[in-house]
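Asker: Here's the letter readout for the chains.
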Amino acid sequence: MPFTLETRLGRIRVERRVGYGRLYSISMTLLSLAIALLVAGLILASLGLDPVAAFQVIFGVFMKPSLLLESIKQSIPICLAALGLSIAFKMNFWNIGAEGQLYMGMIASTGIVLLHSYYGLFNEWAIMPLMLLASFLLGGAWCLIAGALKARLGVNEILPTLMLNYVAMLVVEFLVHGPWRDPKGYGFPLSIPFPDYAKLNFVFGEPAYTGLLLSVLGAAAVFLLLEYTKPGFEIKVVGQSPAVARYAGIRVRRTILLGSFLSGGLAGIGGLSIVSGIIGRLRPGASPGYGYTAIMVAALAGLNPWVVIVASIFFGGLLTAGGALQMSMGIPRAAAQMIQAIIFLMILVGEFIKRYKIVLEKPGVSGS
Amino acid sequence: MRSGKISRRAFLGVARSAAIAGVVAAGAVGALAGYLGGSSAAPPKTVTTTMTVPGVAEPLKVGYVYVGPVGDYGWSYGHDRGRRWADEHFGLPVKSFYRESVPEAEVGSAIETLIDEGAKLIFTTSFGYMDATAEYAEKYPDRYFVHISGYRSGAAGNAPENMSSAFAEFYQLYYLNGLAAGAVTETGVIGYVGAYPIPEVVRHINAFVLGANYAYKKRTGKNIKAHVNWIFKWVGPDDARKAAIALVEEKNCDVLAFTEDTPAVLQVAEEYQKKGRKVWSFSHYSDMREYGPNAHLTGQIANWGPIYLDFYRMVATNSWRSVDIWTRIGDYTPYKWRRPVEQSTAGQPEGTVYLAPLHPAIPSEWQLLIKQRYEEMKELLFEPFSVEGNLGEPIRDQDGEVMIDRDKIIVSKASGEVRSGGRADHDALWSMDWFVEYIEEPLPKL
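Going line by line, the protein sequences match chains A and B. When you line the first sequence up against my numbering, it's residues 1 to 368, in that order. When you line the second sequence up against my numbering, it's residues 1001 to 1446, in that order.
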């Protein structure tokens, strides 16, 4: 994929590095980390703060059980949405709508709880399985809208997925201001609180562990799908070249429908983990942009489902660290976010430099 | 075609290693992997950080969670002022710290970091934090939690005993703002920039409009006209600005009240004043006079400090009991009795909620009435949501239904429950789901 840029000085070319060793790779990673800490440290020092103490706070988040558990809890919806995105992105289907699919998952889960609480439908033991199923189906259906538009009419999926996010959020607003409003909630826009059997805490009574189990199961499912099944293989082929896929007899449209459905479905389960694991009822603004963070996480993990789990916990930790930093060092939230961003950016740039070299060719020297 | 771009696969390739590098970052401190392996298999144990018993030398540690930035000059700024006030007046060693701009879904991790920092007492200052606060109160029975603007507490019986709730209520002050608005309006049309159609905001709008109608009808014999423009945000200066300008330009409003956490609406009024058009607005939560010295009619200001200090003292002296505090004019003042109008403290800081200074443009007879009502409300001798607050007329909603009459009230449209008594009671105020008849727009059901 040679990237070239013509300038007055000559042609700048970015080339893939070939055959570098593990030692080089590790030392480059450590170097970029060191640069990240150095830059962040300089910024902290310019704010008149002690950088070493700040780094202790950041690493402390990963050391302290209570904070790590919180980070894991926050990482669950990010992780499930990112797993869904891995499928979509493998298929070259740019699903920007995980946020909306999260919300649809929340709506479906809440709907099941309300059907039980208001109308006495279903047994208590059936609630959680039904919530999982419903959130998967509704999240999937939400993404399937864009999938169908692409498969049938050739509409680019980016805009429909993105815009459906806002529709989903407004549907939540409508429901909690209207028919789903808690009758005992003094008119606030909230659903009723979920009863205990609808809470996602059946592993050691802790949402973080339960969610982690869900993430691992999700990652295993995505891994098996993509590596060991025919539809998974077809998804990958469609992603690499629809023409080849068609030539090989793959039904491209059907694959797009399936892939987009599965992608939204996983995000839908992520929505379930928010209402039933973190918040305990449906409310507007329940997701502070987890669906967008998931895009970064999926990209960061290179669409590898196992790495997605670790990357989302790393991100959840950075979110928590930003807060811890703000509080114990008394720095503004914006500065804390800047430090998070610098660490992330430096690691990303370091990886780029590790894999590619930039060559400047003098005018007239280069061929082709 | 592709040569100019970085392909998806290449980008993802880079990103994958970046993730691994991220993990190395955590691994470098030798924590993540080991911890995950260890504790996801082991049953969870309650993790308690070591706490020394607070003695005289040991400062009381207090943590605050704010929903907006402390620089918003409204809600979160007000709470931060309260924090500093309480620290200053406590008299014993205290260390307080806060987290700002915490999204509602992340309040759990905010509380955990505060506890990790050693906080013994935690204030969560947004309605959306209510459930999480109750949850963590249960998880940490040896810490104390105070939630602001909600309805769950040990005292109310729907949360653990180590959780209290508190709120500084403004509807009385909004009524006084309304009197000022009705006294100065020339067009007879007033506007309100609203955050969300929840009962708190609805009762503030109704109180404001009732007050304005009282003064305007007394002056001219005509009813006031009120317009409400919703922005569906707590902090949204740009939207508030647009909404305020629309109220002035399209509806001909010349007094603008608002529920939004910045001085944006007051600034719009100030710009009109400078252009020679008389448009007025108010302070909200903090004294905002400097943002509109010419347009600032009066306003509602909160000092959360005395409420916070109360809880500091309870925790420091081991005398905690769960309470559900709802302060109005006169609460937390050393001298709560009604003063004669000439000695009125209206316009001066006192207690937890008080009136901002009155602009001289308010005619003096109306200044006197505002002061009289302010003093009467200290002893609850006057209630805006009563027949008395509406020129002796029953208060009707937009359908013409009588909601508050001399001897009975309807608690809410949704419940339809009728109660005796000629004043809106706690439940009626807390679940207000109707607009008074003088408002033009229907209350959005969404």
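Incorrect hints may have been included.
[What the hints assert, rightly or not] Among chain B residues calculated to face chain A with C-beta under 7 Å, some are: (1) 1097; (2) 1113; (3) 1419.
[What the hints assert, rightly or not] Okay, the calculated bits of chain B under chain A, using three or more residues with CB under 8 Å as the criterion: (4) 1194–1204; (5) 1260–1274; (6) 1348–1359.
[To be verified] With a straight-line Cα cutoff of 35 Å, these simulated DSBU-like cross-link-like pairs (lysine-lysine) come out: (7) 1233(B) <-> 1278(B); (8) 1233(B) <-> 199(A); (9) 1217(B) <-> 1233(B); (10) 1408(B) <-> 199(A); (11) 184(A) <-> 1278(B).
No lab work stands behind these hints: they were computed from the structure. The beta carbon of each residue, even a glycine, is placed where N, CA and C say it ideally should be.
Asker: With reference to the structure, classify each hint as holding or not holding.
Answerer: Do the hints match the structure? See the list:
1. 1097: Holds: closest Cβ of chain A sits about 5 Å from residue 1097(B), inside 7 Å.
2. 1113: holds, 4 Å
3. 1419: Not OK, violated: residue 1419(B) not within 7 Å of chain A, min 16 Å.
4. 1194–1204: holds (count 5)
5. 1260–1274: Since 0 is below three, the answer is violated.
6. 1348–1359: Coverage by chain A is violated for the stretch 1348–1359 of chain B (0 residues, Cβ < 8 Å).
7. 1233(B) <-> 1278(B): holds, 27 Å
8. 1233(B) <-> 199(A): holds, 29 Å
9. 1217(B) <-> 1233(B): Distance of about 33 Å is within 35 Å: holds.
10. 1408(B) <-> 199(A): At roughly 42 Å apart (the allowed maximum being 35 Å), residue 199(A) and residue 1408(B) break the hint.
11. 184(A) <-> 1278(B): violated, 44 Å
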